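Asker: Residue strings, one per chain:
There are 2 protein chains.
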Amino acid sequence: MLTDQEGKKMFYPHVSVDCVLLGIDNEELCVLLVERKNAGTGKTEYKLPGSLIYEAEDLDVAAYRVLADTVGLKRVALKQFRAFGSPARTSNKEDVLWLERASNMEIDRIVTVAYLALCKVRKARPDKKYGAVQWTPVSKLPGLPFDHREIIGEAIKEIRKWTEVEPSIIFNYLPALFTALQLRRTYEIIYNKEFDVRNFHKKMNALPFIVPTDDLEKGVAHRSARYYRFDKVKYNQLRSKLNKT
Amino acid sequence: MLTDQEGKKMFYPHVSVDCVLLGIDNEELCVLLVERKNAGTGKTEYKLPGSLIYEAEDLDVAAYRVLADTVGLKRVALKQFRAFGSPARTSNKEDVLWLERASNMEIDRIVTVAYLALCKVRKARPDKKYGAVQWTPVSKLPGLPFDHREIIGEAIKEIRKWTEVEPSIIFNYLPALFTALQLRRTYEIIYNKEFDVRNFHKKMNALPFIVPTDDLEKGVAHRSARYYRFDKVKYNQLRSKLNKT
Numbered sequence: 000m001l002t003d004q005e006g007k008k009m010f011y012p013h014v015s016v017d018c019v020l021l022g023i024d025n026e027e028l029c030v031l032l033v034e035r036k037n038a039g040t041g042k043t044e045y046k047l048p049g050s051l052i053y054e055a056e057d058l059d060v061a062a063y064r065v066l067a068d069t070v071g072l073k074r075v076a077l078k079q080f081r082a083f084g085s086p087a088r089t090s091n092k093e094d095v096l097w098l099e100r101a102s103n104m105e106i107d108r109i110v111t112v113a114y115l116a117l118c119k120v121r122k123a124r125p126d127k128k129y130g131a132v133q134w135t136p137v138s139k140l141p142g143l144p145f146d147h148r149e150i151i152g153e154a155i156k157e158i159r160k161w162t163e164v165e166p167s168i169i170f171n172y173l174p175a176l177f178t179a180l181q182l183r184r185t186y187e188i189i190y191n192k193e194f195d196v197r198n199f200h201k202k203m204n205a206l207p208f209i210v211p212t213d214d215l216e217k218g219v220a221h222r223s224a225r226y227y228r229f230d231k232v233k234y235n236q237l238r239s240k241l242n243k244t
Numbered sequence: 000m001l002t003d004q005e006g007k008k009m010f011y012p013h014v015s016v017d018c019v020l021l022g023i024d025n026e027e028l029c030v031l032l033v034e035r036k037n038a039g040t041g042k043t044e045y046k047l048p049g050s051l052i053y054e055a056e057d058l059d060v061a062a063y064r065v066l067a068d069t070v071g072l073k074r075v076a077l078k079q080f081r082a083f084g085s086p087a088r089t090s091n092k093e094d095v096l097w098l099e100r101a102s103n104m105e106i107d108r109i110v111t112v113a114y115l116a117l118c119k120v121r122k123a124r125p126d127k128k129y130g131a132v133q134w135t136p137v138s139k140l141p142g143l144p145f146d147h148r149e150i151i152g153e154a155i156k157e158i159r160k161w162t163e164v165e166p167s168i169i170f171n172y173l174p175a176l177f178t179a180l181q182l183r184r185t186y187e188i189i190y191n192k193e194f195d196v197r198n199f200h201k202k203m204n205a206l207p208f209i210v211p212t213d214d215l216e217k218g219v220a221h222r223s224a225r226y227y228r229f230d231k232v233k234y235n236q237l238r239s240k241l242n243k244t
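Chains as they are written, first to last, in numbering that gives the first Met the number 0: chain A, 0 to 244; chain B, 0 to 244.
Treat the hints as calculated values from the structure; they're not laboratory data. The model shown is predicted, which means the values in this text are computed figures rather than measured ones. Do not take every clue at face value.
Chain copies aren't distinguished; within one or between two, either way the pair holds.
Derived pair list, reagent style DSS-like, types lysine-lysine, alpha-carbon separation capped at 25 angstroms [unchecked claim]: (1) 160 - 233; (2) 233 - 36; (3) 128 - 192; (4) 233 - 156; (5) 233 - 217; (6) 128 - 73; (7) 122 - 42; (8) 233 - 202; (9) 202 - 128.
Build the full structure now, drawing on both the sequences and the hints.
Answerer: Shown next as structure tokens:
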């Protein structure tokens, strides 16, 4: 235990970063979890990809290091979304013991800075060498250490806010050509609710940056649906008009 | 210097909170700065209200403590907006020495979690007992320690984003009855640019939650302007419609 000259216990919080990668897999909103090594329970345990920050490392750098080292991902546009610093984060002694073993440091308290990205699941299927990495439906999370479950919950609220403020996030997530159904399902999965089909189409058709193409779906049993594309130029024009008030 | 058993220097970052209070004073966007006591330079120096977090304190609690203790403010709706953790934050040795004197701790590196609020300047004029607290135009900032200047710059960008996503922020800031000029000037000051008067009126009139009243300005030399009010019910109706897609 670290003490000052008068033998009083010193208070040194640690700082970590945690990365929440959300994606859609099998029609479900999923989060990328990594194996929590040496948990000492004999079974595979999971956690968010994360790490204490290194001495000479800025927060963003630490977050990208975590993704590169724990899952081998490099091209993900991570964005900081919230710091979590409740003293209760380390109230579970087992979590603290695990982290002390893993980091070789004495841990009192950890403030974590959480990062978030919406990414395409198939582009982020990590190699087996990174251990038991898993895209897990957010509705079926296993037991998670610290406040990782709360962080994921807040991340989902945050990604919904992002899509309202900056709908282009959704279109970057979709293929270049998409059907109205694909667009609606993407929203429904992110918001975890059903939208009225007719209203959704009406709103969609009113948006100048969602442009119908001449292409139709091929090789489907039902009536072929039209493909749409996202027009980034029109989108940016509209945004810059809105922001000039 | 703290060392581990092998005599190696240990890395213990500190965690602080800093509060950016923005307001409009004399037609200028201003930030609340507090005196940086014992800076040792013989003149009054300023900084953002902030503090290292206490051992048993969550981040939000620390931010509210700072406002209560350093400027006596309690009813401000602070919101966390970003953690700043560059190792370069402590590259100025004088800042580090000052903080070491003030905190009686050895300081390597500090990660700060920044909070933000838009508040009414006249409601937040701290008592003199809190020292040389000042609402300072953001265009005329004095020398500030650490990265406080950068934090203020990011806070201004953030408040602009907030007003786009949640325009009610602006109306909470205005008096209950306001003129079109008052509304436009508030936007202009926050955005630091002029808006076209005619376009602004057109957009304003298209918003169902900005409601003209029968009241006119009194005792003015120029033609009396009409007062408007913000209709929160209509605003919330519109928002819930928008979010149902």
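Asker: If a hint holds in the structure, say so; if it doesn't, say that too.
Answerer: The hints, checked one at a time:
1. 160 - 233: Intra 22 angstroms, inter 21 angstroms, cutoff 25 angstroms: intra and inter.
2. 233 - 36: neither (48 angstroms within a copy, 53 angstroms between copies)
3. 128 - 192: neither (37 angstroms within a copy, 53 angstroms between copies)
4. 233 - 156: For residue 233 and residue 156, the Cα distance is within 25 angstroms only across copies (24 angstroms; inside one copy 28 angstroms).
5. 233 - 217: neither (28 angstroms within a copy, 45 angstroms between copies)
6. 128 - 73: within (16 angstroms within a copy, 52 angstroms between copies)
7. 122 - 42: neither (28 angstroms within a copy, 57 angstroms between copies)
8. 233 - 202: Classified as both: same-chain Cα gap 16 angstroms, cross-chain 20 angstroms, threshold 25 angstroms.
9. 202 - 128: neither (45 angstroms within a copy, 56 angstroms between copies)
Comparing the model with each earlier hint shows violations of hints 2, 3, 5, 7 and 9; every other hint is respected.
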